[in-house]
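A.B. asks: If you want the building blocks of each chain, they are given just below.
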Amino acid sequence: MSNPGNSQALSLVRKTGMALFLAGFGYALFLTLGSSYRLDQEQAGKLFGSRLELIEAADPAFVGSTYRGKAAFLGALSALSEQSADAARARFGLSAADVEGMVSRNADKPFDLQAELALMEQAGTPEKAEKTKTWLGWYDGKTLSASELQTQLSAKAEGLNAGISGLELSPYAAFQASREASLSLAATRPGLAFLLTFGLVILGGLMHILPKTSEPAGIKNNGVQQDGLNSRGLIGITLGIFLIAFYIVLYWFPAWIAEWSLITDPLSYALTGGPSSQWFLYGWLYTVAVVVMGVRYAIKYRHSRYQLVRTASVTFFQIGFAFLLSNILQRFQLPARDLKNIWPLDYTFFYEYNVDSMLRAEVLPTAAKAMFALGIGLIVLGVPLLTYFYGKRWYCSWVCGCGGLAETAGDPFRHLSDKSLNAWRFERISIHSVLVFAVLMTAAVVATQVTGAEQFLGLKTADLKAWYGFGVGSVFAGVVGTGFYPLMGNRVWCRFGCPLAAYLGLVQRFKSRFRITTNGGQCISCGNCSTYCEQGIDVRWYAQRGQNIVRSSCVGCGVCSAVCPRGVLNLENGPEVDRTAVQAILLGKDKIQVLS
Amino acid sequence: MHLVILGNGIAGITCARHIRKRSDHRITVISGETDHFFSRTALMYIYMGHMKYKHTKPYEDQFWAKNRIDLVRAWISRVDPAAGKVVASDGREFAYDKLVIASGSVSNRFGWPGQDLPGVQGLYSYQDLELLEDNTRGAGAARAVIVGGGLIGIELAEMLLSRQIAVTVLVRESSYWNNVLAERESALVTRYIQSHGLDLRLETGLKEIQAGANGRAAAVVTDKGETIACQVVGLTAGVSPNIGFLEGSGLETKRGVLVSRAFETNLPNVYAIGDCAEFREPLPGRRPVEQVWYTGREHGVVLAQTLCGQRTEYAPGPWFNSAKFLDLEWHTYGDVPPTPQPDQASLYWENASGQQAVHLVYRVSDGRFLGINSLGIRYRHLVFDRFLRDGRNIDFVLENLAAANFDPEFFRAWEPDILATYNRQTGKNLRLKQRKGLRAVLNLIKPA
Ligand SMILES: Cc1cc2nc3c(=O)[nH]c(=O)nc-3n(C[C@H](O)[C@H](O)[C@H](O)COP(=O)(O)OP(=O)(O)OC[C@H]3O[C@@H](n4cnc5c(N)ncnc54)[C@H](O)[C@@H]3O)c2cc1C
Ligand code: SF4
Ligand code: SF4
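The listed protein sequences derive, respectively, from chains A and B. Using our numbering, you'd call the opening residue of the first sequence number -17 and step up by one each time. Using our numbering, you'd call the opening residue of the second sequence number 8 and step up by one each time.
Worth flagging that the hints you see were computed from the coordinates, not collected in a lab. Built from N, CA and C at the ideal position, the CB exists for glycine as well. Please note that a few of the clues may not be correct.
Said to hold, decoys possible - Chain B regions said to be covered by chain A (calculated; three or more residues, Cβ under 8 Å): (1) 115 to 124; (2) 212 to 223.
As the list claims (entries may be wrong) - 27 Å max Cα-Cα, derived DSS-like pairs, lysine-lysine: (3) K138(A) <-> K124(A); (4) K261(B) <-> K231(B); (5) K331(B) <-> K435(B); (6) K331(B) <-> K194(A); (7) K331(B) <-> K202(A); (8) K202(A) <-> K92(B); (9) K202(A) <-> K61(B); (10) K453(B) <-> K202(A); (11) K453(B) <-> K493(A); (12) K61(B) <-> K73(B); (13) K194(A) <-> K59(B).
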């Protein structure tokens, strides 16, 4: 069917695509790691304000010097933080010599604070005088022995000095500084840099993917289990490490990807009216991943219309809601919310700043209030009703952003999910624990807003928020959830961690018209369905005994049905009767007592 | 009581599981092939890289100990019913109170010259799969010749194609698998697989396999005198019951081990199920040897009843089966004979794309629906089972055909076209009564 000349040409297109992809990716890495940095006086002033003096005191050469490479620049910045702390102590703090001088001048006579302060003023350190006045005011006029003075003043000096810090750059400030100082193409010609990075990556990706349309439609998982990328080979592990590193950088060290945000500046200005941040960049990257890998998915599963429609939906919600709409809302000074994100996945929904931004908005207050109403409506009505009619899939594999990424970019890794009974046991404990944690944390947040109490059930609200944000919001959902795609499959977060999935799952399990039906006795126990279930459900266990599958974790991706070579599985909504029935008749058991 | 089950395939294992559900008998399952039960039907997917061996095991390894089913890895070379024991090739002996023979099949070899050369193989066991890996590893294998069509032949072809090995298939019939499929389905399948890169030689048999200088198979000579150079030869001309090791045991055999409807052999306390069993009196309309997955499973369930003290005869429901020709799915319910029978009429519909077809057969005299073949459309077992058991009229079946559809959501519905074809053919004016979906199914299967 395929003529060899044609398939050679296509293979060349695919290889070229891969080369372009790697080139774009490599250049992006180079831009953000290998660029040069220099801050001029004006930029430094803009960034550091009054603290610029400290910088100049610590390292007069910093401003105006050129640093080659991100490591050198960030290294200089952090050295500056330390040096500036020393410089600051010299200016504001009491040194051992200062203490000694005071002891020798004031031992065994009334302490003359005014004289000491005057000395400091003369020495050109008025800030030091200021601090000394507050810290040593008590001693004014008191008479102490030399040794008493020495110990007491030393202790005071220590306390005073401890309160003095240098520049102390936050990760965000380092990110801003890197953006400002970058001399790279990303800063000078972001449009061109965009083409050379994202442009090449997208083009190359599509060139690698599109020729697959020349193969006949139908399940083609050939070689998946041997593939170095798909099956925890060297490439897969490398990718996993890269993704984990990326999330760590994104959350805690964004300066390392400052150039990538610069590249997206023009896009950000167009949508939000402001410069790009690491979160804007992340949204853009996420959307690109969903769209490009969504094309791959659609081609791979094009024998199933369910898969095509579902992929169109999940891509639409990523582009339209998560990316475009939330950024455009920001442009209109409305809360920049992803309107399809539902509490408790969106764990900050009830945080004070969010509630304020929606209920006490100054711009377009009605629209902002409507956003709040929508959020509440989804929680109390949307989730139960839609899940009753369609199963949790309406959200998890049709709408949700995490689900969207899992179904598209994560598809090559779906078979890596653990199917063992132990994994199932762990899953039930872990996901419901997160749900309990989310509810508890949110209850505390709301209670604190209503009553003003800082504690809830003996726990500090601020602590709960911090633990949840770090442990669940960042580490679980981000670093583990996506970083572990190539290691543990594409739904680690959705299966073990997502509190919304837990909520949807409870409805799906106990009150829903959704189930996966099995086609009587047709199952040949081959195992494709279980292997490719991203949620680690042992679908075959049900299919081979002719039992419908009703599992709280099933996200209704439909892949078990798409890969089944015997057409055994079907996702269906219908009357609740016999939802979990075993079709004993068809298994040759109608004449005997059924024990399936 | 100690039950020994020889064979850890679907038949033997299902029997063991159901004995355990119903009794505390000691159970030992012996097999030489693998330590654990795996799905033979998935062999192709291991080779193609869709799954690893471990994925083809339907139960976790700990399942067997937990259910107190002892597994023994051994090849049994002799069965000694007089002494109540079986003897393994390594000398180990296993005494039994009752013995179940579930030894499956072996690939047919018809005494072709060269059939035992290296590079020539069948596809049945896990060992065959390993052999195929050896035979096709590296760039050595550029072309394979498969002898015999049918379901295993097409699977082997798909496997080899997935590794960019060119495949020629020699088929004795004039059209693919037309000893089972009716003419037009067979023609469709033939066209389909030809358009997917297979070199299909119809009405061609194997005369001889020739060795090359290295002593391995190097070419195949057909009965048309053509020589086809190749590095691998797959023999997939059907399977036969695996009963060679039973010679001299006193068990009565023909093609397989002869059994009653309750799977009893001629000797007390010895039973046979699955591929290796042959019914003395075949069930009406069915073959004496049943060589498919689900029949093995049903045999196992039924025999477990008997072994637990409640003698039960095999009384399966209407026939069904399914398979896949590359990407084309085939489902069948009831009986669609390969050649037209007296007093039978057909409705055949095929989509212009050649990707979907259905063939329904009914009795002319009273319109009773007898069976359906469907290609590229899935139909629901539950519903067709009811149509067949209830002896529904073809008109009723067609009016409710959409309700029997099992395609996923959003798939195009072909039933209006199918019904229109029937109306044209018969001058009737039937309409679809229900739409696809569970509600319709529940209506249909309500006890009449
Ligand atoms: C490649 C392939 C694809 C197939 N696809 C399908 C399909 O899609 N649908 C379908 O319905 N059917 C299919 N079949 C047929 C189906 O697999 C068989 O009908 C079924 O496996 C038979 O089960 P069984 O338990 O009777 O025997 P087996 O599965 O053959 O099990 C018998 C076991 O006993 C062992 N054994 C035999 N003799 C001895 C001995 N002397 N000592 C120790 N151990 C012994 C064997 O090694 C084997 O492990 C397929 C078969 C093959 C080979
Ligand atoms: S349901 Fe389908 S994919 Fe799953 S084991 Fe059965 S035949 Fe295989
Ligand atoms: S059971 Fe099927 S539909 Fe549900 S998550 Fe697993 S593969 Fe997807």
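A.B. asks: Is the Cα-Cα distance between K331(B) and K435(B) 27 Å or less?
C.D. replies: With a Cα-Cα distance of about 34 Å, the restraint between K331(B) and K435(B) is violated, given a limit of 27 Å.
A.B. asks: Does K231(B) sit within 27 Å of K261(B), going by the straight-line distance between their CA atoms?
C.D. replies: violated, 33 Å
A.B. asks: K138(A) and K124(A): Cα distance at most 27 Å?
C.D. replies: holds, 15 Å
A.B. asks: For the pair we were handed, K331(B) and K202(A), check the Cα-Cα distance against 27 Å.
C.D. replies: holds, 14 Å
A.B. asks: For the pair supplied as a hint, K453(B) and K493(A), is the alpha-carbon distance within the 27 Å limit?
C.D. replies: holds, 23 Å
A.B. asks: For the pair supplied as a hint, K194(A) and K59(B), confirm whether the alpha-carbon distance does not exceed 27 Å.
C.D. replies: holds, 24 Å
A.B. asks: Between the alpha carbons of K453(B) and K202(A), is the straight-line distance 27 Å or under?
C.D. replies: violated, 39 Å
A.B. asks: Does the structure keep K61(B) and K73(B) at a Cα separation of 27 Å or less?
C.D. replies: Roughly 19 Å between the alpha carbons, so the hint for K61(B) and K73(B) holds.
A.B. asks: Three or more residues of the stretch 212 to 223 of chain B near chain A by CB distance under 8 Å?
C.D. replies: violated (count 0)
A.B. asks: Below or equal to 27 Å on CA atoms is what counts here, so check K202(A) against K61(B).
C.D. replies: Distance ~20 Å between K202(A) and K61(B) Cα, so the pair holds.
A.B. asks: CA of K202(A) to CA of K92(B), is that 27 Å or under?
C.D. replies: violated, 47 Å
A.B. asks: State whether the coverage of the stretch 115 to 124 of chain B by chain A holds or is violated, taking the criterion as 3 or more residues with Cβ-Cβ distances under 8 Å.
C.D. replies: With 0 residues close enough to chain A, the hint is violated.
Consistency note: the structure conflicts with the earlier hints numbered 1, 2, 4, 5, 8 and 10.
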